[in-house]
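There are 2 protein chains.
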Amino acid sequence: MKPVIVVHGGAGEISDSRVQPKLDGMRKAVREGYRILQQNQILDADFPSVAAEAVTAAVRVLEDLEAFNAGYGSVLTEDGEVEMDAGIMEGKNLAYGAVGGIVKVKNAIDVAAKVMNKSEHCFFAGAGANRFAESQHVPEVSGESLKSPFAIRALERFRNSENITNEIDDADEAPIVGKKEGSRGTVGAVALDAHGHLAAATSTGGLTGKLVGRIGDTPVIGAGVYADNDSAAISTTGLGESFLRALVARRISEHVEKGEKSNVAIKRALDFMEQRVGGDGGAVLVTQSGDIGIEWNSTRMGWAYACNGRLHSGCNRHEDFDESI
Amino acid sequence: MKPVIVVHGGAGEISDSRVQPKLDGMRKAVREGYRILQQNQILDADFPSVAAEAVTAAVRVLEDLEAFNAGYGSVLTEDGEVEMDAGIMEGKNLAYGAVGGIVKVKNAIDVAAKVMNKSEHCFFAGAGANRFAESQHVPEVSGESLKSPFAIRALERFRNSENITNEIDDADEAPIVGKKEGSRGTVGAVALDAHGHLAAATSTGGLTGKLVGRIGDTPVIGAGVYADNDSAAISTTGLGESFLRALVARRISEHVEKGEKSNVAIKRALDFMEQRVGGDGGAVLVTQSGDIGIEWNSTRMGWAYACNGRLHSGCNRHEDFDESI
Numbered sequence: 004m005k006p007v008i009v010v011h012g013g014a015g016e017i018s019d020s021r022v023q024p025k026l027d028g029m030r031k032a033v034r035e036g037y038r039i040l041q042q043n044q045i046l047d048a049d050f051p052s053v054a055a056e057a058v059t060a061a062v063r064v065l066e067d068l069e070a071f072n073a074g075y076g077s078v079l080t081e082d083g084e085v086e087m088d089a090g091i092m093e094g095k096n097l098a099y100g101a102v103g104g105i106v107k108v109k110n111a112i113d114v115a116a117k118v119m120n121k122s123e124h125c126f127f128a129g130a131g132a133n134r135f136a137e138s139q140h141v142p143e144v145s146g147e148s149l150k151s152p153f154a155i156r157a158l159e160r161f162r163n164s165e166n167i168t169n170e171i172d173d174a175d176e177a178p179i180v181g182k183k184e185g186s187r188g189t190v191g192a193v194a195l196d197a198h199g200h201l202a203a204a205t206s207t208g209g210l211t212g213k214l215v216g217r218i219g220d221t222p223v224i225g226a227g228v229y230a231d232n233d234s235a236a237i238s239t240t241g242l243g244e245s246f247l248r249a250l251v252a253r254r255i256s257e258h259v260e261k262g263e264k265s266n267v268a269i270k271r272a273l274d275f276m277e278q279r280v281g282g283d284g285g286a287v288l289v290t291q292s293g294d295i296g297i298e299w300n301s302t303r304m305g306w307a308y309a310c311n312g313r314l315h316s317g318c319n320r321h322e323d324f325d326e327s328i
Numbered sequence: 004m005k006p007v008i009v010v011h012g013g014a015g016e017i018s019d020s021r022v023q024p025k026l027d028g029m030r031k032a033v034r035e036g037y038r039i040l041q042q043n044q045i046l047d048a049d050f051p052s053v054a055a056e057a058v059t060a061a062v063r064v065l066e067d068l069e070a071f072n073a074g075y076g077s078v079l080t081e082d083g084e085v086e087m088d089a090g091i092m093e094g095k096n097l098a099y100g101a102v103g104g105i106v107k108v109k110n111a112i113d114v115a116a117k118v119m120n121k122s123e124h125c126f127f128a129g130a131g132a133n134r135f136a137e138s139q140h141v142p143e144v145s146g147e148s149l150k151s152p153f154a155i156r157a158l159e160r161f162r163n164s165e166n167i168t169n170e171i172d173d174a175d176e177a178p179i180v181g182k183k184e185g186s187r188g189t190v191g192a193v194a195l196d197a198h199g200h201l202a203a204a205t206s207t208g209g210l211t212g213k214l215v216g217r218i219g220d221t222p223v224i225g226a227g228v229y230a231d232n233d234s235a236a237i238s239t240t241g242l243g244e245s246f247l248r249a250l251v252a253r254r255i256s257e258h259v260e261k262g263e264k265s266n267v268a269i270k271r272a273l274d275f276m277e278q279r280v281g282g283d284g285g286a287v288l289v290t291q292s293g294d295i296g297i298e299w300n301s302t303r304m305g306w307a308y309a310c311n312g313r314l315h316s317g318c319n320r321h322e323d324f325d326e327s328i
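Residue numbers (the working numbering), protein chains in the order written: chain A, 4 to 328; chain B, 4 to 328.
Relax, there's no trap hidden among the hints.
Identical copies carry no separate label here, and so any pair may be met within one copy or between two of them.
With a straight-line Cα cutoff of 30 Å, these simulated DSBU-like cross-link-like pairs (lysine-lysine) come out: (1) 150 x 107; (2) 95 x 261; (3) 95 x 270; (4) 31 x 264; (5) 5 x 31; (6) 109 x 150.
FYI, nobody ran anything at the bench for these hints, they're computed from the structure.
What you are looking at is a predicted structure, and each value in this text was computed from that prediction instead of being measured.
Given only the sequences and the hints, what does the whole structure look like? Please build it.
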């Protein structure tokens, strides 16, 4: 089995000035995940598969970069704080771990992975998510250390939305409560390892101005993340409430199970969402036979993947930057 | 369209002494929901359908009774507190509302319904769920007022599990962390109203000794609750982590969409769960044509339904108490 990793860096109205940082970041994340897949060894024995470890490592890279709405760079709540959601699933045993509304950790995906690997429970939210992280010796960081200038500016614009002019500002692309358009820089990764195991991971800061305690689709199995070795590994990005109500990730996997081609499977699930509940976004997937799916119904979606020693990436429709890895 | 309501009162090892209180409570809940369905008028204008209002009312009745693990009577966390999960979905617009780990409210399902009816968000967890409830003028109650003698005794037995004897105690049936058997007295309701709209609602206190902030399947769309007018309204009960990982509610609806009979659809989803992740429980459903499904793979499951002026109920396999309503 040839290993494959696919990442996304969010979908929506990505402003021109943020395209290059996103491409650079996604390529870095793919290289990190692909390196682990090629080594083909589980480094942290708690992980159930190389694929699960690879998607965690790739998402961690994206969380650490300001260009994405996850980890450092997450958008801010109504209270001006970073509250993060993250989820991971692996396809062999359908193991799943997630955190919702976690604060003051550098990498929410690491905590979600520890939930999957170390807990009898699958999903922790609110203060309990931080308590679980502490029990696993995840270091606490200051809330301030997670706030990027971009996210702070986006919240200022949200709070003063009556003052918005026609002047275009990068902060306009930040995903905002009640706005059906805009960028949603959620990050995610899906992987197939050399043993044929699939895994998916997704991480986000949510929406600028979201109410405290709001959980989006990202950490929810079947909405923002899904993996089954008999089907596909899927990570989604878009308007969380729409992806939740349409259960987009599971719906994509249903179409894969029916024999649809990967991109068609994603398109059908997005069409269902658009028709029944509205909203836009996209998804990436990989199947056990190594088929890759990358599709979106928003203006742009950042994506990158590695297989057969090549690294592909893009952000606009019909774009495919191809380089050796 | 003839209205139908089906409720469940949890599945598992229900002790003999709790069978009658559960039957009485479920019959009361069904009568309350059926009364609303027969009136066929939306009383609270925020609700999108009579079906959604009826399932909320039925679940509220069950939450208020000690015989069930929801609202008053919820089992206690490791800290000895009541933390509740609840979710509701309606099938016309796929509207969905949920709360996870909410404390100090009498009826978690009322808060979930307010999330569905009044918020741009779908899901609130932890302290933010209580903050949302406060913003909607939901009265705060004391944590003590939610603790039943049964739940307190169950936590004592959990904490002193080395002292458990062969003596049988009602508290033995309380769902316990790490125990794959035991009762799981989650409650739920599904309904079809005279306009052909479907809705589902589920509410629970979770597991005795659960870690603070643990979210189970109950509030999660596609796991503990699901509704789509083109498919079915479904509420599940059982080991939350298993129902999450197997996405049981959505999986049942997939089988209904493929044309499976209602009980077969539930059985297939439970079989998938058992084979892939283990765990037991059950589910109830109703379709837009009024077909009812009631199935479980645990020892017992409490259920009751009303249609055509008759009220049916049971707890053991092949049991069907039939009375006029």
